[in-house]
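Engineer: Chain residues, written in single-letter form:
Number of protein chains: 2
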Amino acid sequence: MKHTCLSLALAVATATATLALLPASPAFAAAPAAAESSTTPVLVTAAQWQQMASDGARYPWFAKEQARNKAMLEKMMKAGIDVPFPKDKGGGRTHEQHKRNYQALLAAGTLYRLTGDTAYVDYARRMLLEYATLYPTLGPHPEGRGQIPGRVFWQVLNDSVWLVNAVQGYDAIRDALPAKDRQTIDDNVFRPMAEFLASEPKNFDQIHNHSTWAVAATGMTGYVLRDQELVEKSLRGSRKDDEFGFLRQVDLLFSPDGYYEEGPYYQRYALAPFLLFANAIERNEPQRRIFERRDGVLLKAVDVLVQSSYDGLFFPINDAILDKGVDTEELVAGIGIAYSRSGDDRLLSVAEQQGRLLLTPEGLKVAQGLAAGKAKPFDYTPMLLRDGPDGDKGGLAILRMGGERGQALVQKDTMQGMGHGHFDKLNWLFYDNGQRVVTDYGSARFLNVEAKRGGIYLAENRSWAKQTIAHNTLVVDEKSHFNGDWKVGEEHAPTVRFFKAGKDTQVASATMRDAYPGVVFTRTQALLKHPELGLPVVLDLLQVSADKAARFDLPLHFNGHIVSTGFEAERFVDQRPVLGRENGYQHLWLDARSQADSDPRTLAWLLDGRFYSYRFGSSAPSQALLVESGANDPEFNLRREPALVQRVDGQRAVSFFSVLEPHGEYNGTAEYVHGADSQIRDLKRARGSDAELVEVTLASGARIALGVADDSSADVEHTVNVDGRSYRWRGSHARIDRAAGKGDAR
Amino acid sequence: MKHTCLSLALAVATATATLALLPASPAFAAAPAAAESSTTPVLVTAAQWQQMASDGARYPWFAKEQARNKAMLEKMMKAGIDVPFPKDKGGGRTHEQHKRNYQALLAAGTLYRLTGDTAYVDYARRMLLEYATLYPTLGPHPEGRGQIPGRVFWQVLNDSVWLVNAVQGYDAIRDALPAKDRQTIDDNVFRPMAEFLASEPKNFDQIHNHSTWAVAATGMTGYVLRDQELVEKSLRGSRKDDEFGFLRQVDLLFSPDGYYEEGPYYQRYALAPFLLFANAIERNEPQRRIFERRDGVLLKAVDVLVQSSYDGLFFPINDAILDKGVDTEELVAGIGIAYSRSGDDRLLSVAEQQGRLLLTPEGLKVAQGLAAGKAKPFDYTPMLLRDGPDGDKGGLAILRMGGERGQALVQKDTMQGMGHGHFDKLNWLFYDNGQRVVTDYGSARFLNVEAKRGGIYLAENRSWAKQTIAHNTLVVDEKSHFNGDWKVGEEHAPTVRFFKAGKDTQVASATMRDAYPGVVFTRTQALLKHPELGLPVVLDLLQVSADKAARFDLPLHFNGHIVSTGFEAERFVDQRPVLGRENGYQHLWLDARSQADSDPRTLAWLLDGRFYSYRFGSSAPSQALLVESGANDPEFNLRREPALVQRVDGQRAVSFFSVLEPHGEYNGTAEYVHGADSQIRDLKRARGSDAELVEVTLASGARIALGVADDSSADVEHTVNVDGRSYRWRGSHARIDRAAGKGDAR
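Respectively, the protein sequence lines represent chains P and E. Per the UniProt record's numbering: the first sequence = residues 1 to 746. Per the UniProt record's numbering: the second sequence = residues 1 to 746.
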């Protein structure tokens, strides 16, 4: 594994043999190496460090990052070493201190290599010797959580993260340490930490992102300690039989399109160890061609993660924190590594948005690209990201028009997403004008805020955020999909019927079976441009059939202030009942409830100066309910957000259909309003013998229809009549426009 | 009144006598004048137009504004002239079209002068001829509102605004019109409009901003039509006896410090006609020295308006729209005129923030200043803005540390603010970190949104937004100040006791009598820096005494998500009662209610990544209630916002005391939290014989005390003891710090 730098290592070994006798100087900085090759750096080679030390200052982004690291580290050095006995939960003092320590170790190693200043080595050495004294004394963390408590942190995952970071710093200084200290630190910090992580199959031998952090930590430590056994176990599982381990994780955790089952929030978290370890493998064992594995799936995953964002923030499906986005630290490594391999200049604009880079050879390439003015806009495009290792377990459909802050519709037809998955098959999100318009609650959690249960997932994450009613999809009989059991959910993925994305018409359709016994539902959504509409509109058709009569609820969680409710409803203005008793319904206050009726209704709201008119109907009589989250929330853990629920009772089948129209502008500064009126005047739905159709009538009388065949695979002709207007098309679906006829205009 | 440009006007008259025969050319642009001096422009002189035409293009901000005007105007010219019969309310089609028309007239006149292109003249001429046909046919607007309906618009105020703008455009083209058309437009548009506005004393003879628009419109029209009678009436009131009119408004509507009784939202609205008309007076009758009147109060008003903002948005006291700020159109004129007179380069940074300027001689000066790189940061400083024509009717106290986005505390000790005033004597607002932390609801209104009652003030403005409980000040027996009668309120202003603003300690104190019969309350607030606190904290002491036992409620409307409630309380998690029946209480849902107790309590919330810990107590047992707005709101007109209410029952006197501490950081992107714990561990209040004191104990044991004398005017010594610690000071108030003693640290 030393093939790439063997001769260099020998060469610099001679040059630096006298290091301990000489004061450190920048001239020496680039070439401090060890007295023996088993201590030369392997995660970044000595030659690469040398290049960064000599070239880095010429590139402003690299120099800025170096200065930032220096400021952070020197502040910590000034404060003095602090390796406290582990005591606190996430967000607590000892937790945060150990986090800062691994950042300091990484920075110390890096800055030592970039400047040659041995003060950094000494600081890291002294800190690591404290860890060497502390670590062997540690048992399970006193606040230990989950099946395997951590040692330094309450959850073992944080221990893995510590090691991934610290070992990179250690690699950089290892050859500058006195042999005795190196031995002490090897034997009392890094090796026992790695062995602890690898010792428990429930941590190590899993197909799960926590395990990715564990195998990356042990594998990178294996390279640094020249422990090929540890590397092998990390790559192939603790039994070295390829049932688990990093390679198996690469094969199973990403779909062929690079989508990660748990969704973007966890994808970015998992991505860091995937890419850091892959980079270490590539550096030390390039013959494994790790970046080519599965047609380059690791680099695809980086691209896909950026695509899974809107205005810089990830789509918050499943357990996600809403303010997490492409500037997250974990993706900084990803963009650097992806850019240095692909040279794709669109990634540079993401790096610009991140505002930072890593002090690594890959970071240097990013800095060079940015300095050369090569950055190109990232190209946000509609796409279907197939889910599942073989790409046949549903997928995430992204419809987009208008670029980064234009319209984006996300239809969640993915797998369950394991324990962090929400029960929201065929859920959808909609963005427009830089805003979340049709929303996903994300997770109920205040990350690292100790006062909020130590920053972990709150009870309301299970009782509200994961439940189906907290999403924009079908709820049957007030129960969640799979009755709220994610392990059952793992066994049933939606089927993608079709996905087509053109300039003016983008359509996605999927079917879900077995979310409820005997219930099948199909959702078809389209993003449609029309010359008479200022902005694209969303058409939504949700067809449900069940083997027995049931209650069907379809929530729409919208963001904004209600401007008008175009329907009569009983209002609960002075006593506010709770909507239901369980499965999330207990968290909804009921504000208004209409009678059951079959005519389409409207609801309009205002968000950030734009109007949204939602026109919705159903094939069977439905009630419209206006609700708000926040009931049964004794600790004020929930955000209070409005939703509309369409409710159909006692039917075996129903089609919900709607159109969502962004329009107009409200400008409070300049005090004007225009386009406050919807340009849609009617919405109809009709069935033919083997197909269904939704027809939108515009103010002019012009019409836009979307026909959807029951069987999306057959190439046959379909006919649907609406009030005497006959629509014909061939195949799975069609958009059919009709110009306004005589007397059509209102 | 033609003294400034008489000779020039004669000179150019000859040169342009043949204008109609020649194609327009830029060479001619600067000097088109009329065949007789009674048609030369007077609001901007021909010489000034000439200078702008020849120099404007050299200054990017001016050129950009000209291009923007050109684009706007040519889009309208392309759409064709549209002068509809007035029909709609605010936000409706005819309303918005007439607004666009006055903007077009102003732009047409301006661009004609700047380019010489007579197409603009022709467009304005044709539009004005349509108005000349329409206007004489108009009676009261069909949706007419208030005592005097408008003609072109539903409220006469909008007619005034139309005229202020349109007459400026007309002035610029008047000498380029055929005499017949000019006569038609003079006689059928501008003169009758001005006469209509001046005809009704309820519109014209008032000391009120609506009337300022009216007198500005008629006065400027008077100058343009050479109708000195109209000018005199505008300046001195319709009876020309100086009881009303512009000069009287300048004398009565501003305090000597330039504060405007209604508050910043209306100040910016009133400011435009004040400054535009003053500028016209200065141009035509400089001997009136209008800008020197009352020690330059009009220019002070511009400065004060900028000071009355936080992070670009005005303090939303009284009836205010929250998103109105220094970039508002009306202040663009103000900044230009103030800058051209004062040359104060700090105003240029405000102009930069506005991103625009006027195409006037004053706008040109701004463009020149910006091009020369003269802009300096505006200096946001603590200040007391005295209220009332003589400065003795209370005032607005602004405490500030940390500049534009640092800490700002606004204590509202002002006059009632007439019909748009809220019942919130000694209310306070607090800003930090660019956010509204302790909030004012502003007005209940969706400006110009037709679906929301045509965009006017909603019923909830009276039933909620104006009521005392909607603010952060004392409510007695669930009634609002002055029992909700603003005319009574006009008669009683608070008394400012003292105001002192140093580097580390800023204090404001005021007393209110007669808001309730027999009740006196005094509020003293301080913004305090301390080396052990990361950020300044707010100390608040509200002392109440009444002549009989009563219920005292003290609300705190806070912005953020509750992190912890440091007190036991009954929670209403599954049925949500309404707090009360009237005076705003009917709009509050009750979420939690504690027992009555005398120990201080805490409430902490999180806002935009920062923690706020509020520690509060009272000298008599109090309950803590957590509430949220939104009850009894059938049309969803209210925002739903949380508040804490401290309630003391059956007492004749009480002191409420509290400390609000901003601290720490929550970073969701980088996933860290620090400083989540309050650094304050105790809060006490004690009385001496003639003074009261609030003492804050920090984590280290160090103490900060604020002593407040009952009589703020006497220079005598006061003593207050707290748990054996004796505090002595002389005079109205004092901050006294104590270092931590032995064993003090926790």
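Read the hints as simulated data drawn from the structure, not as lab findings. Some clues are possibly wrong.
Put simply, identical chains are the same to the list, so a pair is met inside one copy or across any two.
[As the list claims (entries may be wrong)] Below, simulated DSSO-like cross-link-like pairs (lysine-lysine); rule was C-alpha separation at most 27 Å, straight line:
id, residue 1, residue 2
1, 78, 529
2, 529, 75
3, 70, 548
Engineer: Determine for every hint whether it applies to the structure shown.
Structural biologist: For each hint, the structure was consulted:
1. 78 x 529: between (60 Å within a copy, 25 Å between copies)
2. 529 x 75: between (55 Å within a copy, 23 Å between copies)
3. 70 x 548: Classified as neither: same-chain Cα gap 67 Å, cross-chain 65 Å, threshold 27 Å.
Hint compliance for this structure: hint 3 is the single one not met.
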